[in-house]
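Colleague: As a plain string of letters, each chain reads:
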Amino acid sequence: MRRTRFESIGRYTPETVRSTEELVAALAVPGVTNLDLVTGVKNRRVCDSHPQRYESSFELAEHAIADCLRRSDYAADELDIIISASITRTRGKGIHCGAPPFALMLRNAVGATLARCLDVSNACAGMVTGVLVLDRMIKAGVVRNGLVVSGEQLSPAAETAVREISTRSDPQFSALTLGDAGVAVVVDDRGDDDDEIHYVELMTLAEGAELCLGMPSNRSNGIALYTDNRAMQTDTHYRQGLDRIATVMAKAGNGLARENFDFCIYHQFSGPVIEYLHDLAGQRFGEPVPTALNVLHDYGNTGSTSHFLVLHEHLRQQRIPKGSKILMFSQASGIVSGGLATTISRLEA
Amino acid sequence: MPTAILSAAVHTDRDTGSYIELATRAARTCLDRARVDVDEVGMLVNAGVFRDNNLCEPAVAAIVQKRLGLGLDYRPGRVPAFSFDVMHGAAGLIHAIDVAESFLLGPEVNYALLVAGDAHPSTRRDITDALYTPSGAAILLGKDATAGGFGRLHTVEPTGPVELSVWVDLDEAGTNGRATGHAVIRDDPLPVAAAAVRACLADEGLTESDFAEGRAVLLAPAPSRDFPARLASTLGLPRAAVAGIDPRTGDPYSAAPVHAYLAAQESGRLTAARTTVFLAAYDGSAACLAYRHSSAVGATAGSPPVRAGQS
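Read top to bottom, the protein sequences are chains A and B.
Start counting the first sequence at 34; every next residue gets the next number (the numbering used here).
Start counting the second sequence at 2; every next residue gets the next number (the numbering used here).
Keep in mind that a hint or two might mislead.
Derived lysine to any residue pairs resembling SDA-like cross-links, with alpha carbons at most 25 Å apart [to be verified]:
| # | chain 1 | residue 1 | chain 2 | residue 2 |
| --- | --- | --- | --- | --- |
| 1 | B | Lys144 | A | Val281 |
| 2 | A | Lys172 | B | Ala184 |
| 3 | A | Lys126 | B | Ala180 |
| 4 | A | Lys284 | B | Pro108 |
| 5 | A | Lys126 | B | Ala184 |
| 6 | A | Lys284 | A | Gln351 |
| 7 | A | Lys172 | B | Asp145 |
| 8 | A | Lys284 | B | Met2 |
| 9 | A | Lys126 | A | Val195 |
| 10 | A | Lys358 | B | Asp145 |
| 11 | A | Lys284 | B | Arg187 |
| 12 | A | Lys126 | B | Arg187 |
Read the hints as simulated data drawn from the structure, not as lab findings.
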């Protein structure tokens, strides 16, 4: 069986910082205070909206690929496949692309013209889904390597929320946590004991498929995100996800302790909810879960890029020693749940 | 164990304008025809381009999964279901088949259900300016010791700057963003389609005589009424060996490969075929994939391992 690994990682985040305080000040609903404490998000990055420097999902992804390939042993024309995993596929202001795939446009822009290309779309589990697809294609011998990328221009959904939220129970409240980012990873077939993707396992709990919907608003011109948090963020859903990860570990003859993880990374959707999920995971596995890394405070919820933005940021800050073993927990609209386990030594940021 | 096509179905019902509904019906018909229980399906991939209400998230596949009653929840010991969307314009289904086969080669997934198709984002039935024929198509893949599986995917893509062929302009749409979209046919896909097929035939060792004698059938998409004839002429293949789509159907875009497959089956052209060549093409992109009906050496003419038909 071929062993897969993360060969390189890249990232791009826009320079403009927008605080939760600023967003709240623009809300029409009075009395919303401490939203940063409730969500754990103090700041987020937002794309440049100047017409000459406009940053859409495409630019975010393009810059992330360039950063990734700078640190890769592969040149663009040595890549076998490009998989784009964005929720938002914008090219220019308000232009949402359906075809051709984003991956094709990105492939041509970065000169990876020998690579096959396709888009996957799976909400905030997009990047992990892309890595899962690539992992299986490498193990099946279809390709030897590939690049998974996502550029997420989510700030327009936050702007719609600011315009439209009129009550404290508005389903667009979660959109106030959103921020913009691009990430890219190269995965190849040269895994070993120091660098390996041990497993990627995702499932979709479809009973909750319509509890978080991203779609154009019908009240103003913009994209919007509607989330029924009360129905979506439940112990029942969390426990099923943890059961799945426990089953995957058991199949490998392991429990959490024997896996010896150094860190875990959750989807960056809410600080207090992540803490709760962390405790719940500890209860489920009967032992403490390793340290959770996050970027929620500074970058907010960056959609499908979030797990790899966390990884990149902590690599950049040199907080992840070589040889660290990391477990990523996925939680996404769909409801997608599951995990990715990896040991990393060669990644640098 | 090789991958087999277990069943296929399309729905072009006019009582709904929802792609999600059409895809769900096609998926259900597909499972019924194959007599596969919904709980046995480990993977559902949607390859449609146009989305009801221009939905960005979740994956359309997740909502189809919910409507099917597949994997609504998870308990240890049961088959977990995983769904996501693959997008590549009209070629999405061909790419999705290739992706699904990589999962089917592993131990976790025994059945992969793929859906594709399009309808107007508004889900209204009275829209007459839609560029593509509304339909939902499904194809069920499974492991089968007697099937020959799929060959290598051959693609041809433009290498320079690419213009959009499907998009939504939210600023222009105003409050109508859920019900609007742009779709244009930019280039004749014949040259790229022919190039992808040639590469596939060379890789599979298929010659004109395989098509002339009914051992191979090429499934053509429908960007124009005369496309199958022009494709046959360009490739030097007998016209009868190139199965198109009933011209009355129009262009089903991302569902076209399944429409063509079922049309070829109904015409009897798959009965003796050992290889069916799937093709999708749009603008400057094409994808081509051979399906080998039987792995038996010296296989004689017989029914392919499918239970399918058009609804």
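Colleague: None of the hints should be skipped; say for each whether it holds.
Modeller: Results for each hint:
no., hint, result
1, B:Lys144 to A:Val281, "holds (22 Å)"
2, A:Lys172 to B:Ala184, "violated (37 Å)"
3, A:Lys126 to B:Ala180, "holds (19 Å)"
4, A:Lys284 to B:Pro108, "holds (12 Å)"
5, A:Lys126 to B:Ala184, "holds (18 Å)"
6, A:Lys284 to A:Gln351, "violated (33 Å)"
7, A:Lys172 to B:Asp145, "holds (20 Å)"
8, A:Lys284 to B:Met2, "holds (22 Å)"
9, A:Lys126 to A:Val195, "holds (18 Å)"
10, A:Lys358 to B:Asp145, "violated (38 Å)"
11, A:Lys284 to B:Arg187, "violated (50 Å)"
12, A:Lys126 to B:Arg187, "holds (22 Å)"
In terms of the numbered hints stated before, the structure departs from hints 2, 6, 10, 11, listed from lowest to highest.
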